[in-house]
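**Q** In my numbering, the protein residues as written are 20 to 365.
Treat the hints as calculated values from the structure; they're not laboratory data. Any given hint might turn out to be false.
Unchecked claim - In silico PhoX-like cross-links for lysine-lysine, where the CA-CA straight-line distance does not exceed 25 Å: (1) K107 <-> K41; (2) K113 <-> K161; (3) K45 <-> K60; (4) K213 <-> K242; (5) K113 <-> K97; (6) K24 <-> K107; (7) K41 <-> K56; (8) K97 <-> K72; (9) K182 <-> K107; (10) K95 <-> K244; (11) K56 <-> K113; (12) K60 <-> K120; (13) K340 <-> K353; (14) K72 <-> K41; (15) K56 <-> K24; (16) K182 <-> K247.
Unchecked claim - Okay, the calculated beta carbon distance ranges per label pair: (17) S308 <-> E329: 14 to 22 Å; (18) M351 <-> K107: 32 to 40 Å; (19) T217 <-> F170: 21 to 29 Å.
Note that the structure is predicted; figures quoted are calculated from it, not measured. We treat Cβ as the ideally placed atom computed from N, Cα and C, and that holds for glycine.
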Amino acid sequence: MADSKKICISCEKSLALSYFYKSYNKFDSDGRLSVCKNCLKNSINYDDLNTAKDILMQINRPFIHSLWISSEEEAKLKNHDLFGIYMKTLGLPKYRELTWKDSDQTVSNVELKTKNNEESNDNELNNFEVEMQDNNRKDVIKMVGYDPFEFENEQDKRHLYNKLVDFLDESTLEDGFKLPTVIEIVKTFNQLDKINNTISSMTSDVKMLTDNAGIIKSLIDAKDKMYKSVLALAKDNGISVNHNNNKSKGAGTLTGIIKQLQEKGFEESDVNIFDIETSEGMRQVANISNESIFKQLQFDENDYTAMIMEQRELICELESKTFKLEEDNRIMRKQLLSYSNQGVPQ
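Generate the whole structure from the sequences, applying the supplied hints.
**A** Pasting the structure below:
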């Protein structure tokens with residue numbers, strides 16, 4: 020239902036369902052929240068965590084500190100919206116049924132609520148993670164030409180493939196020196212994650228912090244050196260956004276991204292661009308742009324005549340294409356019907 024719309028109860032705008040986060044509340048019959056994404060995001064001050072908690076409480080979703088921190092790190096790495104990433108994480112099977120009362124201050128409630136379904140939820144989440152890893156691995160091998168993480172720890176591969184996919188653009192794939200550098204950066208980030216997890220574990224209480232003070236200091240020093248090293252690699256090779264020396268015109272636009280996907284053989288990109296270009300949001304933007312242009316131009320009778328002639332030619336051309344496509348579809352439907360009646364030859 021690409022054209023389905025609903026009215027945001029905050030800004031009162033009629034928007035496509037894609038402008039609303041998914042809801043797993045049985046009272047949201049269309050499976051979407053009643054407040055649009057923009058209204059929710061605009062109500063959050065990331066310098067004041069309480070504003071995010073207030074929003075989550077109002078939409079009856081939990082605040083889980085560990086998930087918020089991991090979403091924050093992912094947002095910085097990918098330069099994406101923090102709240103959007105957090106809401107995407109809450110959409111995973113393990114967290115879908117959680118509500119505000121399952122937030123960190125009542126962790127025992129979460130454990131009690133999920134105890135009976137823990138095994139099935141874990142299996143579903145593991146299947147999801149395995150599928151995501153397999154898809155990212157295939158994408159990486161397809162673009163790079165080999166598996167750069169073949170000998171890495173199996174538990175690390177999911178994160179490695181996921182991070183590398185975001186770095187693989189036209190400038191990286193065509194640069195024989197930049198590609199191995201990017202792979203090295205991704206591996207370094209993975210090691211930094213392990214160090215951060217170890218430090219968090221050792222500082223979980225005062226006794227562990229005191230007993231492991233020397234080890235923690237060594238880990239922090241190692242982390243600082245690795246971080247400076249990876250930043251220097253990114254700067255020297257024009258990999259980071261601020262130092263990208265291979266930016267091409269239109270590389271970050273929708274058309275540019277789709278073009279890159281098509282060149283790399285991702286057939287799904289054709290479906291995605293069709294859905295986007297025919298969406299209600301894109302039509303609204305096009306209408307606003309056309310109205311603005313029309314108001315700024317002053318046409319005379321000759322201009323109107325020329326436009327009508329051009330439009331007529333275009334209509335005739337499109338009608339001709341439509342007739343041809345309809346005939347092609349008729350022939351294909353006939354062939355499919357014949358196959359379904361007689362059976363596809365082996």
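**Q** Please go over all the hints and tell whether each is borne out by the structure.
**A** We went through each hint and held it up to the structure:
Between the alpha carbons of K107 and K41 the distance comes to roughly 9 Å, so the proposed pair stays at or under 25 Å and holds. Distance restraint check for K113 and K161: the Cα-Cα separation of roughly 31 Å exceeds the 25 Å cut-off, and the hinted pair is therefore not satisfied. A threshold of 25 Å between alpha carbons decides the hint, and for K45 with K60 the separation of about 24 Å falls inside it, so the pair holds. Taking the CA atoms of K213 and K242, the gap is near 10 Å; set against the 25 Å cutoff, the hint holds.
About 23 Å separates the Cα atoms of K113 and K97, which keeps this hinted pair within 25 Å; it holds. Proposed proximity of K24 and K107 is supported: the alpha carbons are some 21 Å apart, at most 25 Å. For the proposed pair K41 and K56, the alpha carbon gap of about 10 Å is at most 25 Å, so the pair holds. Of the supplied pair hints, the one linking K97 and K72 holds, its CA atoms being roughly 23 Å apart against a limit of 25 Å.
A threshold of 25 Å between alpha carbons decides the hint, and for K182 with K107 the separation of about 17 Å falls inside it, so the pair holds. Taking the CA atoms of K95 and K244, the gap is near 19 Å; set against the 25 Å cutoff, the hint holds. Straight-line distance between C-alpha atoms of K56 and K113 comes to about 22 Å, which keeps the hinted pair within the 25 Å bound. A hinted pair counts as satisfied when its Cα atoms are at most 25 Å apart, and K60 with K120 qualifies at roughly 22 Å.
A C-alpha spacing of about 20 Å is found between K340 and K353, which places the hinted pair at or below 25 Å, so the restraint holds. For the proposed pair K72 and K41, the alpha carbon gap of about 18 Å is at most 25 Å, so the pair holds. Between K56 and K24 the CA atoms are separated by roughly 14 Å; this keeps the pair inside 25 Å, and the hint holds. Under the criterion of a C-alpha separation no larger than 25 Å, the hint pairing K182 with K247 is consistent with the structure, at around 19 Å.
For the pair S308 and E329, the supplied restraint of 14 to 22 Å holds, since their beta-carbon distance comes to about 19 Å. A beta carbon spacing of about 38 Å between M351 and K107 agrees with the range 32 to 40 Å that was offered as a hint. A C-beta distance of roughly 22 Å is found between T217 and F170, which places it inside the suggested range of 21 to 29 Å.
In terms of the numbered hints stated before, the structure departs from hint 2 and from no other.
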